[in-house]
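Q: Residues per chain, in single letters:
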Amino acid sequence: MNKSEIGILVVDDELIVRESLGKWFREDGFRVDVAENAAAALRKLQAGSWNIMLVDIKMPGMDGIELLQRVRQTNKEVVVIVITAFATVDTAVKALKEGAYDYITKPIDPDYLDHMVEKALQQQMLLRENQKLKDTVSELSGAGEIVGESPEIRKVLDLIRTVAPTDTTVMIRGESGTGKELVARAIHAGSPRKYFPIVTVNCGAMTESLLESELFGHERGAFTGAQYRRKGKVELADGGTLFLDEVGNIDTKTQMDLLRVIETKQFTRVGGTENVHSDFRVVCATNKDLECAVREGSFREDLYYRLNVFTIDLPPLRGRRGDIAKLAHYFLEKFARQMNKRVEGFSPEAMLALKAHDWPGNVRELENAVERAMVVVQGDIIERNHLPLHAVVSGQKDGKRLEDIEQRHIEQVLRENGWNVSRSAAILDIDRVTLYHKIEKFGLKRVQ
Amino acid sequence: MKPIHVLPLGGADPDLAEALAGPLRRTFRTDVAVREFSINPEQFLDDGRGQYNSTGLLLHLKDAYPPLKSGPGVCTLALVPFDLFIPVLTYVFGEAEVGGNVAVVSYHRLAPQRYGLPPDDALLRDRVTKEVIHEIGHMFSLIHCSELACVMHSSSYVEDIDMKEQSLCRICVSELSHRA
Numbered sequence: 005m006n007k008s009e010i011g012i013l014v015v016d017d018e019l020i021v022r023e024s025l026g027k028w029f030r031e032d033g034f035r036v037d038v039a040e041n042a043a044a045a046l047r048k049l050q051a052g053s054w055n056i057m058l059v060d061i062k063m064p065g066m067d068g069i070e071l072l073q074r075v076r077q078t079n080k081e082v083v084v085i086v087i088t089a090f091a092t093v094d095t096a097v098k099a100l101k102e103g104a105y106d107y108i109t110k111p112i113d114p115d116y117l118d119h120m121v122e123k124a125l126q127q128q129m130l131l132r133e134n135q136k137l138k139d140t141v142s143e144l145s146g147a148g149e150i151v152g153e154s155p156e157i158r159k160v161l162d163l164i165r166t167v168a169p170t171d172t173t174v175m176i177r178g179e180s181g182t183g184k185e186l187v188a189r190a191i192h193a194g195s196p197r198k199y200f201p202i203v204t205v206n207c208g209a210m211t212e213s214l215l216e217s218e219l220f221g222h223e224r225g226a227f228t229g230a231q232y233r234r235k236g237k238v239e240l241a242d243g244g245t246l247f248l249d250e251v252g253n254i255d256t257k258t259q260m261d262l263l264r265v266i267e268t269k270q271f272t273r274v275g276g277t278e279n280v281h282s283d284f285r286v287v288c289a290t291n292k293d294l295e296c297a298v299r300e301g302s303f304r305e306d307l308y309y310r311l312n313v314f315t316i317d318l319p320p321l322r323g324r325r326g327d328i329a330k331l332a333h334y335f336l337e338k339f340a341r342q343m344n345k346r347v348e349g350f351s352p353e354a355m356l357a358l359k360a361h362d363w364p365g366n367v368r369e370l371e372n373a374v375e376r377a378m379v380v381v382q383g384d385i386i387e388r389n390h391l392p393l394h395a396v397v398s399g400q401k402d403g404k405r406l407e408d409i410e411q412r413h414i415e416q417v418l419r420e421n422g423w424n425v426s427r428s429a430a431i432l433d434i435d436r437v438t439l440y441h442k443i444e445k446f447g448l449k450r451v452q
Numbered sequence: 006m007k008p009i010h011v012l013p014l015g016g017a018d019p020d021l022a023e024a025l026a027g028p029l030r031r032t033f034r035t036d037v038a039v040r041e042f043s044i045n046p047e048q049f050l051d052d053g054r055g056q057y058n059s060t061g062l063l064l065h066l067k068d069a070y071p072p073l074k075s076g077p078g079v080c081t082l083a084l085v086p087f088d089l090f091i092p093v094l095t096y097v098f099g100e101a102e103v104g105g106n107v108a109v110v111s112y113h114r115l116a117p118q119r120y121g122l123p124p125d126d127a128l129l130r131d132r133v134t135k136e137v138i139h140e141i142g143h144m145f146s147l148i149h150c151s152e153l154a155c156v157m158h159s160s161s162y163v164e165d166i167d168m169k170e171q172s173l174c175r176i177c178v179s180e181l182s183h184r185a
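As you go down the protein sequences, you meet chains A and B in turn.
Throughout the first sequence, residue numbering follows this note's numbering, covering 5 to 452 in sequence.
Throughout the second sequence, residue numbering follows this note's numbering, covering 6 to 185 in sequence.
In isolation and in its complexed conformation, chain A is listed as follows:
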């Protein structure tokens, strides 16, 4: 910023101070104005734009502290530096508590004055940048990506708006691919915790010991290979949101540890003794029937009640068919941008097929179908044959065979886990060799 664009307002009842400080800053090239009392300063503050105010504490009528309080009520941005005599340092400390940036004692060391102004301007610039970044993050992470206008999805959006600003634990339920993580992110983005991280733990993808270490971290030497202390997801979520995906898949021992940490917000790292505190909000998601799991004894009842405070049920895509066209166009535009392709839309036949499909993999399956079509399409319209909907069009026999469902499921798990065979095999509860056989048998290939 050019110095002539930076405004400094000097507020002092002594003419000589106003004149000499005014002159000092003018020689530096700043835009300077002076005010002989607090009332004049408030008028000038309202009329113009100021970066820094230098305010004398002792002034007849409204003193510098009261002026500072008034300024802070209407203007949070201007940096206020108070000027005081040696004898009134206590008052200067009070000014700092009221929101002054710093104080200087008269007579002022010229070098100190220059440095303080420079520092104050840097701080102001950082605060502005920080606010700008926060606004950008807020925009990017908002609920904007939940697409749809059906009554079912509107109800979900209403629930998100209601619960997001609170600190309540939320359980999101819905079939795989319905957008549970998206809802969790929208809840986080609408909460006062939005400037802190949302940390996701995929509880279904890990073994018991791995999940424990993932959640709570570990100390150096806690187990073979633990060469360094590592923070767990619970600790990383401090100030923010802990999103427990596939919470129904947690083993019973970790369920107990999790219940304790949710209740006390304290835990110990694996292999450690120190109590670590973390302030986080819990949002969890499951596609399992947890009530049934509780009845069967595979899920702790106390943890169930601790998590199931506010429930959001996500409808499957086949339950909100009215959103299919809108979602398909949304994904088309998204991938067109990503792939730098010019594709206008879907042919009537393609759209008909999209609307007729049952979408067992829900929105994720639709997204993947559009992505694949975008890869193979040559012209500017996606045709029926570009869509990988050979399996399950309603009313047809094809795709309903057990083998078709198995193929689709394996393909989906692989895709969800970035084609990590070990992780996918663990989720499918089969060994890696079997998974390799199935990949070969169904001719599954990774789409880049």
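There's no promise every hint is true.
To be verified - Pairs of lysine to any residue, SDA-like flavour, derived with a Cα cap of 20 Å:
1. A/K27 to B/H65
2. A/K123 to B/E152
3. A/K7 to B/S151
4. A/K27 to B/G104
5. A/K7 to A/Q128
6. A/K7 to B/V178
7. A/K7 to B/S159
8. A/K27 to B/R175
9. A/K110 to B/R54
10. A/K257 to A/D242
11. A/K442 to A/V425
12. A/K330 to A/V280
13. A/K48 to A/G65
14. A/K7 to B/H158
15. A/K345 to A/D306
16. A/K7 to B/R175
17. B/K7 to B/S146
18. A/K27 to B/N58
19. A/K62 to A/A44
20. A/K101 to A/Q73
21. A/K27 to B/P117
22. A/K27 to A/N55
23. A/K27 to A/E9
24. A/K198 to A/E239
25. A/K110 to B/Y96
26. A/K110 to B/E180
27. A/K27 to B/S151
28. A/K110 to B/H158
29. A/K123 to A/D106
30. A/K27 to B/K67
31. A/K62 to A/A89
32. A/K359 to A/R376
33. A/K7 to B/E180
34. A/K445 to A/D362
35. A/K292 to A/D306
36. A/K269 to A/V280
37. A/K110 to B/A127
38. A/K123 to B/K67
39. A/K62 to B/K67
Note that these hints are calculated values from the structure, not bench results.
Keeping the supplied structure of chain A fixed, place chain B upon it in accordance with the hints.
A: The following block gives chain B in isolation, referenced to the frame of chain A:
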């Protein structure tokens, strides 16, 4: 460009004042004259601070120095050996009216012996020259420059002065010719 008068006052070293004429002529391309004039500096002494009020001195010169009284046709710089202050600051090396006709520079804080070092006339002359050019630059409406080596860069310590050169940077030269 207005002519420049240099006034050694309050017992300032006349040789030091004479040495300024050449660099000032080269920098501002105008007539430079070292003139004799006398004032009583004690009227500007603040007993409590043991320093001299530079603003008071400037105001006095405007009233007392005949070429300044007769009109704004000359830039006048007073060179003094005593310590200067303006009330809100602990000290100043000098003071000038930006775009005005009067300025003052003190070499009290510029001498190496003030910092426990042996006397060094060449270094003192260099520092005085830089500060004098700086204050005269203000009289020709130049403001502080962000270029570290430019003589118009703001200096609060002698180390800052030593880092500068005696000349104006290209931007300040262009500003100066624009204003002239």
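Q: For each hint, tell me whether it holds in the structure or not.
A: Hint by hint, here is what the structure shows:
no.	hint	verdict
1	A/K27 to B/H65	18 Å, holds
2	A/K123 to B/E152	19 Å, holds
3	A/K7 to B/S151	10 Å, holds
4	A/K27 to B/G104	12 Å, holds
5	A/K7 to A/Q128	14 Å, holds
6	A/K7 to B/V178	19 Å, holds
7	A/K7 to B/S159	14 Å, holds
8	A/K27 to B/R175	25 Å, violated
9	A/K110 to B/R54	13 Å, holds
10	A/K257 to A/D242	23 Å, violated
11	A/K442 to A/V425	11 Å, holds
12	A/K330 to A/V280	46 Å, violated
13	A/K48 to A/G65	17 Å, holds
14	A/K7 to B/H158	14 Å, holds
15	A/K345 to A/D306	52 Å, violated
16	A/K7 to B/R175	19 Å, holds
17	B/K7 to B/S146	12 Å, holds
18	A/K27 to B/N58	15 Å, holds
19	A/K62 to A/A44	15 Å, holds
20	A/K101 to A/Q73	10 Å, holds
21	A/K27 to B/P117	29 Å, violated
22	A/K27 to A/N55	17 Å, holds
23	A/K27 to A/E9	16 Å, holds
24	A/K198 to A/E239	16 Å, holds
25	A/K110 to B/Y96	11 Å, holds
26	A/K110 to B/E180	34 Å, violated
27	A/K27 to B/S151	18 Å, holds
28	A/K110 to B/H158	24 Å, violated
29	A/K123 to A/D106	10 Å, holds
30	A/K27 to B/K67	18 Å, holds
31	A/K62 to A/A89	9 Å, holds
32	A/K359 to A/R376	17 Å, holds
33	A/K7 to B/E180	16 Å, holds
34	A/K445 to A/D362	25 Å, violated
35	A/K292 to A/D306	17 Å, holds
36	A/K269 to A/V280	8 Å, holds
37	A/K110 to B/A127	35 Å, violated
38	A/K123 to B/K67	37 Å, violated
39	A/K62 to B/K67	33 Å, violated
When held up to the earlier numbered hints, the structure conflicts with 8, 10, 12, 15, 21, 26, 28, 34, 37, 38, 39 and fits the remainder.
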